[in-house]
Structure formats: C-alpha cells, structure tokens
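A.B. asks: The lines below spell out each chain.
Number of protein chains: 2
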Amino acid sequence: MSFSMYSASIPVFRQILGSLLAILDKTEAHIEEKKIDPNALLQFRLFPDMLPFTRQIQIAADFAKGAGARLAGADVPIYEDTEKTIGELKLRIQRTLTFLDSLPRQAIEDSAQRSVTTGSGEKAKQWVGQEYLMHYALPHFTFHATTAYNILRHNGLEIGKKDFIGSWKAE
Amino acid sequence: MSFSMYSASIPVFRQILGSLLAILDKTEAHIEEKKIDPNALLQFRLFPDMLPFTRQIQIAADFAKGAGARLAGADVPIYEDTEKTIGELKLRIQRTLTFLDSLPRQAIEDSAQRSVTTGSGEKAKQWVGQEYLMHYALPHFTFHATTAYNILRHNGLEIGKKDFIGSWKAE
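Those sequence lines, one after another, are chains D and E. This note's numbering puts the first sequence at residues 1 to 171. This note's numbering puts the second sequence at residues 1 to 171.
One thing to keep in mind: the hints can contain errors.
As the list claims (entries may be wrong) - Chain D regions said to be covered by chain E (calculated; three or more residues, Cβ under 8 Å): (1) 6-18; (2) 28-36; (3) 136-144.
What the hints assert, rightly or not - For each label pair, taking beta carbons as the anchor points, the in silico distance ranges come out as: (4) E/I36 to D/I165: 47 to 57 Å; (5) D/T118 to E/E171: 29 to 39 Å; (6) D/A40 to E/R45: 35 to 45 Å.
Rather than coming from a laboratory, the hints here were simulated on the basis of the structure. Virtual Cβ for every residue (Gly too), placed ideally from N, Cα, C.
Here chain D stands alone, though its shape is the one from the complex:
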C-alpha cells in the first residue's frame, strides 16, 4: 500500500501551524494577565546567538509555505518579515495556512520523485520531492516550531506537549 505525499505534507504543516496559533492565543492571554511587555517574549532568545521567538515563528511558517509551493510546482510567495506583535504573527500563520489550502492536491500527490530546487544562484540545490520533504523541510519546520515552544516554556507559559502536537485531520 503506497503512501501519499499530500498526506505526508499539507495536513502535517496544518497540524503544527494550528498548534502554534492556539499557543499564540495563550501567549496573548498570558501577556495580558501578567501585564508583561510583549517584546520580552517576542525578542527572547534561548542564547544570544540564537534567533528570537518572532523569527522562529516566521521561519517555521516559511518552511511550510516553501515546501507546499515546491511540492506543488508553484512559485514560493515572498512574505516580508515585518511582524511586530503576536497578532501579526497569527496573521502570518493564517496567511500561510490559506496558501497551503490553495495548492492543487494532485500536484503534491505526484511530487515524490519530482525535482525540487531550493536556494538560487551558487546556493541552488536540487532535490527529489520525497527526500526534500522528509529529510529537509519537515525537520527544519518542526525544529523551529519546537524552538518557539521552548522559548515560551522557558519563560513560564503554562503549555505542554499536547499543545504542541495539537489536533489534526488525517487526509
């Protein structure tokens, strides 16, 4: 029985992006309740040479957007990294989810052996679809989403792994 490239990609991105949205809701409530400066979380890094929370969310969303587009054979839309608030980060994720929903399912289903390119110029790299998804796009995506979660946990937000794993509709 074969495995579906669509099932392995879009619903998984949707699952974790949905979790991040719900976690951002809890983050907003926490900021409100504790009267803290949102930037104390948005700009928090686990170590000085690591990326801050805002960038972790932006990059996670971008790995989902990039993977969806490349597997569908579509252009990767460019979203500027201008988010300054939790609300704007939620909109970034919602925009990403809307984009993923717009992609043609059959094109993604057919992408396991399709050639995929990341980067450009001297940094261009060629992949086969399934290798790109499983060894590159998903690990990077989950890495940044988890790091965003860990930043919030480290700062006392009362969430647990269930919030990260969230819920999904297998398709």
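Once you have looked at the hints, place chain E on chain D.
C.D. replies: Here is chain E on its own, set in the frame of chain D:
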C-alpha cells in the same frame, strides 16, 4: 508516483539520531574542556516542570524505536531508562539504530494502511500506519530531539542547526 513508508521513516530517524550522536560527542568534548559537572547538562531543564536533557534523549530514541517496531509489525523492545552518562546515552542511541537496521524493510513499506496500536489497556489507541508516523511519531520524535538540542544551546554548547539536521542517506 507513490511515496515510500520506509523512506519516510527509518532513514529520517537515522538522520536525526546520527545528529544527536555527533552532538553528544561535542557535548563530551565541551564538558572535558570546561571541566564542568556532566550532570549540570544531563539534568538540565528549560523550566522546572519540563523533562531534563537525559529524558529528552531517551524519549526521542524511544519514539524512533516504537515507530520502527510498530510499522514493521514487530514487538516494541523495552529499554530501561538507566543512563547516567553521555557515553551511556550514546549507547542508547546506537542500540536504537541497530534495532532500526534489524527491521524488515518490506514490512515497513507495506505499513501505510496497517493498523497500529499505541499504549495498552484503557490508554490503547488505534492508528493507521501513515497517520501514526506523520502526525504522531515523527512530530514527537523531532520535538524531543530539538528540545535536547535547545538545552545544550541554552547552556552555551557551540553547535548550530546544521548539527541538528546532520546528513542522511535517502533510501
């Protein structure tokens, strides 16, 4: 073109477990160089109610072991959580890798629609193979591996995302 359940699972676990092994080598060198107590890292938690580094590694390895076994239709071997040193954690990962290598490839290839059970008794949960792998086993696995990485980064270990993503042999 269909997607392979084997390609989506065992080589991906091998990739990130291999990264963790290399990161543990760097951790040992760092401990040696800085003359620090290994338990300062092994028992470190990003927040008091989070699990310490040692448990993050054990659990990541267990999600790989459990997923490999269940997808292959084999019993999940039980490894006791007795590791007290970096060297023992490396052995735990190597033992897990050896187990993954021992699993019959074809059984995993055929597992996309196979019924898989996690837990037992009242906590037993039934899954279909591909849903279990993509929505549950892989997100949990990467979540714990990333949290282990973040604990080390937060404590000043000089590693980067390339160490986490590591290298792989797509199969």
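A.B. asks: For the segment 28-36 of chain D, does the count of residues with a C-beta closer than 8 Å to a C-beta of chain E reach 3?
C.D. replies: Contact hint for the segment 28-36 of chain D vs chain E: violated, 0 residues under 8 Å.
A.B. asks: Please check whether the segment 6-18 of chain D has three or more residues whose CB lies within less than 8 Å of a CB on chain E.
C.D. replies: This one holds; 6 residues, not fewer than the three required, reach chain E with a Cβ under 8 Å.
A.B. asks: Taking a Cβ-Cβ distance under 8 Å as contact, does the segment 136-144 of chain D have three or more residues in contact with chain E?
C.D. replies: holds (count 6)
A.B. asks: Range first: 35 to 45 Å. Now tell me if the beta carbons of D/A40 and E/R45 are that far apart.
C.D. replies: violated (21 Å)
A.B. asks: Can the suggested window of 47 to 57 Å be confirmed for the beta-carbon pair E/I36 and D/I165?
C.D. replies: violated (33 Å)
A.B. asks: Within 29 to 39 Å or not, the Cβ separation of D/T118 and E/E171?
C.D. replies: Violated - the Cβ-Cβ distance for D/T118 and E/E171, about 21 Å, lies outside 29 to 39 Å.
Against the hints set out earlier in the document, violations occur for numbers 2, 4, 5 and 6.
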